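Generate the whole structure from the sequences, applying the supplied hints.
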Amino acid sequence: MNTSDIFNFLKPKNELENQGNAVDNHPYIPDELWVKCPVCKTPVLSADLNENYKVCPKCGYHFRIAARQRLEWTVDDGSFEEFDKDMVSENVIDFPDYSRKLKNARLNSGENESVITGKAKIGGYPVVIAVMNSQFMMGSMGTVTGEKITRAFEYAVNERLPVVVFTVSGGARMQEGILSLMQMAKTSGAVKLHSDAGLLYITVLTDPTTGGVTASFAMEGDIILSEPRALIGFAGPRVIEQTIRQKLPKDFQTAEFLLDKGFIDAVVPRSEMRETLAKILKLHSFDTKTTEEGGRNECI
Amino acid sequence: MSAFDNVTAARANNRPTAVDYISRIFGDSFIELHGDRRFADDKAVIGGIAELCGKPVTVIGLEKGRSLKERMERNFGSAHPEGYRKALRLMKQAEKFKRPVVCFVDTSGAYCGIGAEERGQGQAIAENLMEMMTLKTPILSIFIGEGGSGGALALAVADEVWMLENAIYSVISPEGCASILWKDSGKTAEAAECLKLTSQDLFGLGVIERIIREPKTVDSIMFDSLKNLIAQTFDKLGALDTDALVLKRYNRFRKY
Chain D
1 MNTSDIFNFL
11 KPKNELENQG
21 NAVDNHPYIP
31 DELWVKCPVC
41 KTPVLSADLN
51 ENYKVCPKCG
61 YHFRIAARQR
71 LEWTVDDGSF
81 EEFDKDMVSE
91 NVIDFPDYSR
101 KLKNARLNSG
111 ENESVITGKA
121 KIGGYPVVIA
131 VMNSQFMMGS
141 MGTVTGEKIT
151 RAFEYAVNER
161 LPVVVFTVSG
171 GARMQEGILS
181 LMQMAKTSGA
191 VKLHSDAGLL
201 YITVLTDPTT
211 GGVTASFAME
221 GDIILSEPRA
231 LIGFAGPRVI
241 EQTIRQKLPK
251 DFQTAEFLLD
261 KGFIDAVVPR
271 SEMRETLAKI
281 LKLHSFDTKT
291 TEEGGRNECI
Chain C
301 MSAFDNVTAA
311 RANNRPTAVD
321 YISRIFGDSF
331 IELHGDRRFA
341 DDKAVIGGIA
351 ELCGKPVTVI
361 GLEKGRSLKE
371 RMERNFGSAH
381 PEGYRKALRL
391 MKQAEKFKRP
401 VVCFVDTSGA
411 YCGIGAEERG
421 QGQAIAENLM
431 EMMTLKTPIL
441 SIFIGEGGSG
451 GALALAVADE
461 VWMLENAIYS
471 VISPEGCASI
481 LWKDSGKTAE
491 AAECLKLTSQ
501 DLFGLGVIER
511 IIREPKTVDS
521 IMFDSLKNLI
531 AQTFDKLGAL
541 DTDALVLKRY
551 NRFRKY
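Sequence order for the protein chains is D and C.
Heads up, the first sequence is in this note's numbering, so the first residue is 1 and it goes up one at a time.
Heads up, the second sequence is in this note's numbering, so the first residue is 301 and it goes up one at a time.
Hints listed in this document are in silico derivations from the structure and should not be mistaken for laboratory results.
Just so you know, not all the hints are guaranteed correct.
What the hints assert, rightly or not - Among the chain D residues that face chain C by a calculated CB cut under 8 Å, a handful are:
(1) Thr143
(2) Gly177
(3) Leu179
(4) Ala235
(5) Phe263
What the hints assert, rightly or not - Here are the computed distance ranges between Cβ atoms for each label pair:
(6) Asn108(D) <-> Glu370(C): 44 to 52 Å
(7) Thr517(C) <-> Asp265(D): 49 to 57 Å
(8) Pro228(D) <-> Glu475(C): 46 to 54 Å
(9) Glu475(C) <-> Met87(D): 28 to 36 Å
(10) Lys85(D) <-> Asp524(C): 35 to 43 Å
(11) Gly78(D) <-> His334(C): 53 to 61 Å
Source: prediction; values computed, not measured.
All C-beta atoms in this analysis are idealised placements derived from N, C-alpha and C, irrespective of residue type, glycine included.
Set out below in structure tokens:
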């Protein structure tokens, strides 16, 4: 730790630890100077953790991070333009207590919904990007979540842009009943529209990605990446254990497990994510028409 | 009838299952086709081809089984990924041979288990949602009993979705909802009410196009009229050109 880190707590809070409540620029006093890694139990200085993309320097555990923080670490500085920022959910089927939960989720996360969408650049390449937020009702997919994602894909079709989606979700939002289930079909339709237009879609699965999001747009990418050790599945591990009445094997439903079973393309550490995305985007950005004029000439 | 009474009725053991609908509507013309060509034949999904009023049709059903032995063989109607992949294979075949697809949905949900996860339950469902959205042939899904979440939706990205009067369709079972939200399985009936899962509720929400009235005891009149309705609907949908059909399906789901 260098000395300037000591003064990190004087920085605006959206530049720092940022657990999703970064809506203002009040000086931020970190809750804890030291954080204990939940996996290896090593105490880590908060400031050091932030310098390390919130990855435990000892065991490589990737802490869950807020969507705004992830955006900041993924897209080129100042390139992000948000879509549909003010779109908010309503209690459409009048589900008990849902209005209060929505209000709390907005307060706790500082966001209006469980996904942030917009356009940005990654390594100079323009993309449409959607980042889900575990701090908003565990990233559950409601009507507005589905609508924002669908609009993002439709925008990308019109502008002929690739799409990058970071997923984190407990699944469909049951407080919206069947309408949350319909978001799975709606978003899948938008992904298909984008795919049929010949455009690139990259998904990045983060911890945890389960339920209706796994069973829709999370698994529909042309290229599917994941952060290390992320929990990825259709049914959650507890539900499976209750159903089959036996303990699950170690590492079951981890990113590495899915890689081994052939369901994802690569496990990429957070520190390499931006660069990896830029490389993939570059390989999909060549104008194939130029080859007629001898575009492939650099190495021949 | 309360919502929970409706849940009980939808799950009743004496309720006709997909094989009953298939035999009563398509009779001897049904030929079962097996397997996903990748891993196995999932007996929770029954599929094949049949004749409907003089025209070919692809038929797919989620089958719970009737006796205990059958139920165990059918895994109580909870499909594994290979079941959804078999269904998609048959739908692609229907597209190739330009015949419509009718799905009979009756499942408490896609199976939760080690094998199901290892073989990509989420991926299998996701692929069905995506591919069904642009399938270039008419699709009709009829909920005959339980419509449990993603496992039901994977056979219901259709041009029209119908429900038997006492069928249900829900994002989560009322038991699951009560235990997750209220940590209280005693609140199952309340959860059933809140989830808006009855055919009336879903018609009101614009999620289904039609409710099929159920007689007190199942009779041939119900199957005959259902058969005619299916044939008429396929004639109507078949008259659209495929681009218009696919666009209409996209917009059907886009509105939610």
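Tell me the numbers of any earlier hints that the structure contravenes, in ascending order. 8, 10
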